[in-house]
Amino acid sequence: MADTATTETRGVGMTNTQDARVPTVVVDDVHIVYKVHGAGSGKGSATSALSRIISKKRSPAIREVHAVRGISFTSYRGEAVGLIGSNGSGKSTMLAAIAGLLPTERGAIYTNGQPSLLGVNAALMNDLTGDRNVILGCLAMGMSPAEVKARYQDIVDFSGINEKGDFISLPMRTYSSGMAARLRFSIAAAKTHDVLLIDEALATGDQKFQRRSEDRIRELRKEAGTVFLVSHNNNSIRDTCERTIWIEKGELVMDGSTEDVMKEYENANH
Amino acid sequence: MSTVSDSVNFSAPGGVDAGLTPKQLAAKYGLSVSGKRPGFSQYVRELWARRHFIVAFATARLVAQYTTAKLGQVWQVLTPLLNCAVFYLVFGVMMNGKNEVGDDYIAWLCIGVFVFQFSQSAVLSGTRSISDNLGLIRALHFPRAALPIAFTVIQLQQLLISMVVLVVIVAFFQLPTMTWLLVIPALLLQCGFNTGLALAMARIGAKTSDMAQLMPFLLRTWMYTSGVMYSVQGAVDKFPTFFRVLFRLNPASVYMDLIRYGFVPNAYNKDALPPHVWLIALAWAVVAGVAGFVFFWKAEEEYGRG
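Residue numbers (the working numbering), protein chains in the order written: chain A, 1 to 270; chain B, 1 to 306.
If you are wondering where the hints come from, they were derived from the structure by calculation, not from laboratory data.
Among the hints, erroneous ones may be present.
[Unchecked claim] When the alpha-carbon atoms are kept at most 30 Å apart in a straight line, the in silico DSS-like pairs for lysine-lysine are as follows:
| hint | chain 1 | residue 1 | chain 2 | residue 2 |
| --- | --- | --- | --- | --- |
| 1 | B | K238 | B | K36 |
| 2 | A | K191 | B | K28 |
| 3 | A | K222 | B | K36 |
| 4 | A | K208 | A | K164 |
| 5 | B | K70 | A | K191 |
| 6 | A | K249 | B | K70 |
| 7 | A | K164 | B | K23 |
| 8 | B | K238 | A | K222 |
| 9 | B | K28 | B | K207 |
| 10 | A | K208 | A | K249 |
| 11 | A | K35 | B | K70 |
| 12 | A | K35 | A | K249 |
| 13 | A | K263 | A | K222 |
| 14 | A | K35 | B | K23 |
| 15 | B | K36 | A | K191 |
| 16 | A | K249 | B | K36 |
| 17 | B | K298 | B | K23 |
| 18 | A | K222 | B | K28 |
[Unchecked claim] Chain B regions said to be covered by chain A (calculated; three or more residues, Cβ under 8 Å):
| hint | stretch |
| --- | --- |
| 19 | 23 to 35 |
| 20 | 40 to 54 |
| 21 | 60 to 68 |
The beta carbon of each residue, even a glycine, is placed where N, CA and C say it ideally should be.
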């Protein structure tokens, strides 16, 4: 299996002679299968559920979805990699698997350190105030209380939550989705990650915040990290990533420089 | 169009690494399989490094519990106070406080209820600790055992508040005695037991969401067989020896007895609390604590998946 993994999707030979780059994420022929519960269209009544248990039939409500089919790639230190593809192509699944949140059916994913996944839906603690979230998030990432104290103001300033008044002392459930996403990104970006996975988190912020976070992503890369970015916003991919991977129906279509891949991708979608 | 990147395969390792399979490449640079469970001692170290998180999380949660109520934090004191008032009304006034326990029945009862509630709510919140915090688990990386432990700490803080209320009430009727100090080691042992139980239930609850529905019934059964409202030893006196031993070993009864003995020793004659009760309490704390922790750690990589 492993020898099929050197992807040559574009028929490009391995002619590079540059120095050995340090790999941070190695994805080796990965297959991911979801088991979805409660997907059946059958009768959901208690009696039918009971008769299923008695007859020991497997619930028809469990269906398998083969979301990623044999993807392989390697990313290196200091890279920012964009993931593109239509809705349901398996981009977010791929990120969750790199973060170790989804088991692989076949193949393996090797990473340097613990990747952090920033998703739109990854709410922190909604009933707690913004400043509690900042402190708890930093402590959970393993910072010491002194470090948290030192970084706290930077994080709040970066998020821009307090630009329109004292919002940081309000519970997070009162935040708009954009504000919550900004605070989450600011918390996660406060620490240097070996691998940072961002799932459309920037799409919710406003123009000013998007620019700020793009700057922060560039900084993170300089600090010897790798950033993965999933987005439907082609411009934000162009601005932040120099390498892009195009995934369609769970398979890798193209892996190359953002310029080349974007051109093909946009041609295919017109 | 012939940019430089055209001739570069972005995935293929360059230079001296050319030709390595992904697996060899990962091994060479010490990459590990994503989402792999850390070794036991490393896990304990990581957890110890998160001790500040556990305390801060527990405190924040405890405070947040009453943020929607107008009286706010006053409820932390008011809830145990009202509990005692209800028990006094029902058992002290309506039923005249007559029981085999004697004059201290109300205090004896309140202690029992608070101590049992500590175990009960640790189990309940432990069961939900993973499934209720998926957002946190999926967004940030930390040893997951921090969550059930934090929820046990919340329950401990709540019990301590209740205990203070209780001590104030009891102090009206009797002077503090030396036996009050026995409450501290007894509570520590119960903490160990509860943490282990919460960890074990967290793993079960994370996999089987049906447990959250079933737990209230199991816990109610446990409560009635533990003798929260009556002296269970008297009730099982005529049972076969096997069952008598079983009831004596019940961890909830053991911890309740120890703490009751500490606060109202008058309710017990001297030989009612032989030293082996302390041994049982210690054994439960160590066995449940260690077993629960190992059981939870064994599935560490699976929490938050799906």
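Going down the list of hints, with the structure as the test:
no., hint, in the structure
1, B:K238 / B:K36, "violated (53 Å)"
2, A:K191 / B:K28, "holds (26 Å)"
3, A:K222 / B:K36, "holds (27 Å)"
4, A:K208 / A:K164, "holds (14 Å)"
5, B:K70 / A:K191, "violated (38 Å)"
6, A:K249 / B:K70, "violated (52 Å)"
7, A:K164 / B:K23, "violated (50 Å)"
8, B:K238 / A:K222, "violated (76 Å)"
9, B:K28 / B:K207, "violated (36 Å)"
10, A:K208 / A:K249, "violated (34 Å)"
11, A:K35 / B:K70, "violated (44 Å)"
12, A:K35 / A:K249, "holds (17 Å)"
13, A:K263 / A:K222, "holds (27 Å)"
14, A:K35 / B:K23, "holds (27 Å)"
15, B:K36 / A:K191, "holds (21 Å)"
16, A:K249 / B:K36, "holds (27 Å)"
17, B:K298 / B:K23, "holds (25 Å)"
18, A:K222 / B:K28, "holds (23 Å)"
19, 23 to 35, "holds (count 10)"
20, 40 to 54, "holds (count 5)"
21, 60 to 68, "holds (count 4)"
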